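Enquirer: If you want the building blocks of each chain, they are given just below.
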Amino acid sequence: GDTEKSKPATKKNKIDVLGLESKLRDIKLPEQFHWVESLAVTSTKPLELEDVHDDLKREAAFYTESLKAAKICLKNLKQMNIPFERPEDFYAEMVKTDAHMAKVKAKLLVERKKMDATA
Amino acid sequence: KAERQKDRRDLRKYVNKQRTLIFASRGITHRDRHFMADLRDLLPHSKKDVKFDSKAKLYLVNEVAEMKNCNNCIFFEARKGKDLYMWMSRIPSGPSVKFLVENLHTMSELKLTGNCLKGSRPLLLFDKNFDESPAFRLLKEMLTQVLGSPKGHPKVKPFIDHQFSFFLQDNRIWFRNYQLVKSDDKGSQEVDTLVEIGPRFCLNPVRILSGSFGGTTLWQNPDFVTPNRMRAMRKRGKQDVVRERRD
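Sequences listed follow chains A and B, in order. Number 16 in the numbering used here belongs to position 16 of the first sequence; there are no gaps in the numbering. Here the numbering used here = 1-based position in the second sequence + 119.
It is worth saying that the hints were derived from the structure and are not from the lab. Hints are not guaranteed to be accurate.
What the hints assert, rightly or not - Label-pair distances were calculated between CB atoms; the ranges are:
1. 200/B x 34/A: 42 to 48 Å
2. 302/B x 103/A: 20 to 26 Å
3. 300/B x 106/A: 19 to 25 Å
4. 303/B x 113/A: 21 to 27 Å
5. 200/B x 25/A: 36 to 42 Å
6. 353/B x 107/A: 29 to 35 Å
7. 46/A x 300/B: 31 to 37 Å
8. 134/B x 111/A: 45 to 51 Å
9. 56/A x 145/B: 22 to 28 Å
10. 34/A x 335/B: 30 to 36 Å
11. 211/B x 113/A: 54 to 60 Å
12. 134/B x 25/A: 15 to 21 Å
13. 148/B x 53/A: 23 to 29 Å
14. 152/B x 46/A: 23 to 29 Å
No experiment lies behind these values; they were computed from the predicted model shown. Ideal Cβ positions, reconstructed from N, Cα and C, are used throughout, including at glycine.
Please take these sequences and the hints and turn them into a complete structure.
Expert: Below is the structure:
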């Protein structure tokens, strides 16, 4: 990019803390907004990974953290008496089509067969 | 009790008005296009526009977004047919941020077996690491407003069946999208399993600007290496290996 090239190298480490904070104040959702307007939560302690490139461990950690948060959030919603579950008889379009999900299932079956064959 | 009733009434109102324009520059690959389609499917409060022609005059994106009545914008910029940059901006007065998209897996990949309703709302989870620096605190707020589905928007359904998780690791934002599942076999009434829906990607922040697609730089990533440089370094590394073998 042309914009990057024209910048002198001395600006590399730029952090304008005051600027960042004032922008945050500008765009923040109003205090009086109920949590349910955004549904955003932050975990209680930072996730620390030994090696971010260890796929299995990383994904397991992401999963555990996510499930923990989901359980708490849904419990809170229930306590606040805010409905969030789809009624049994409510049918609507899904993000992935039926055709796509059929392919996913077929692949799972094939993989299971492979596992059985080797076992 | 009266207060509680007032609370209820407030909760029915549509107050958090977020509309996100999602579109791209010319020259994005089919994979990038799939990714863009994924985001459009997952963000019911999004709008689209045709491909944007000019790479030099990014500030014109603001006009497109304002014409579409959007206060947020996600704009994809493709370079060399291989690198994908993602701009995220608050219209009209900023801030805006430029990310390099890395480790992308779109929703169409078959190993991601989850699914969710079109138009339902996601829970948003942020890693506590976001709170450690002013730049990432700002990014957290931007991601919340740009990617979260606002309650009460006409196209948003009032159900919650998936969750966007954002983790800050290795100076990158890792995005995961999980379906919230009650596992049938245990006859459970509570959500106790997650199944990944996708897409999966990493956002490597390059720079935060005070305005929308312009203005002064508020933050710049000191560790950012451009993909061009990365490729050059990798190539040089290979050359070194060859040289060693020859010696």
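Enquirer: Each of the hints needs a verdict: does it hold here or not?
Expert: Right, here's what the structure says about each hint:
Our hint of 42 to 48 Å for residue 200/B and residue 34/A holds, since their Cβ atoms are close to 45 Å apart. The hinted range of 20 to 26 Å is satisfied by residue 302/B and residue 103/A, whose Cβ atoms lie roughly 23 Å apart. The supplied range of 19 to 25 Å is met by residue 300/B and residue 106/A, whose beta-carbon atoms lie about 20 Å from each other. Checking the proposed 21 to 27 Å range against residue 303/B and residue 113/A shows it holds: the Cβ atoms sit about 23 Å from each other.
The hint said 36 to 42 Å for the Cβ distance between residue 200/B and residue 25/A, and at roughly 40 Å that hint holds. Here the CB-CB span from residue 353/B to residue 107/A is close to 32 Å, well matched to the stated 29 to 35 Å. Distance hint for residue 46/A and residue 300/B: a CB-CB separation of about 27 Å, inconsistent with the stated range 31 to 37 Å. Take residue 134/B and residue 111/A: their Cβ atoms lie about 47 Å apart, and the range 45 to 51 Å holds.
In this structure, residue 56/A and residue 145/B break the distance hint of 22 to 28 Å, their C-beta atoms being roughly 39 Å apart. Checked against the given bound of 30 to 36 Å, the beta carbons of residue 34/A and residue 335/B, roughly 35 Å apart, stay inside it. At about 56 Å, the beta-carbon gap between residue 211/B and residue 113/A stays in the expected band of 54 to 60 Å. At about 19 Å, the CB distance of residue 134/B to residue 25/A agrees with the hint of 15 to 21 Å.
The hinted window of 23 to 29 Å between residue 148/B and residue 53/A holds, with their beta carbons roughly 25 Å apart. For the pair residue 152/B and residue 46/A, the supplied restraint of 23 to 29 Å is violated, since their beta-carbon distance comes to about 35 Å.
Of the numbered hints given earlier, the model fails hints 7, 9, 14; all others are met.
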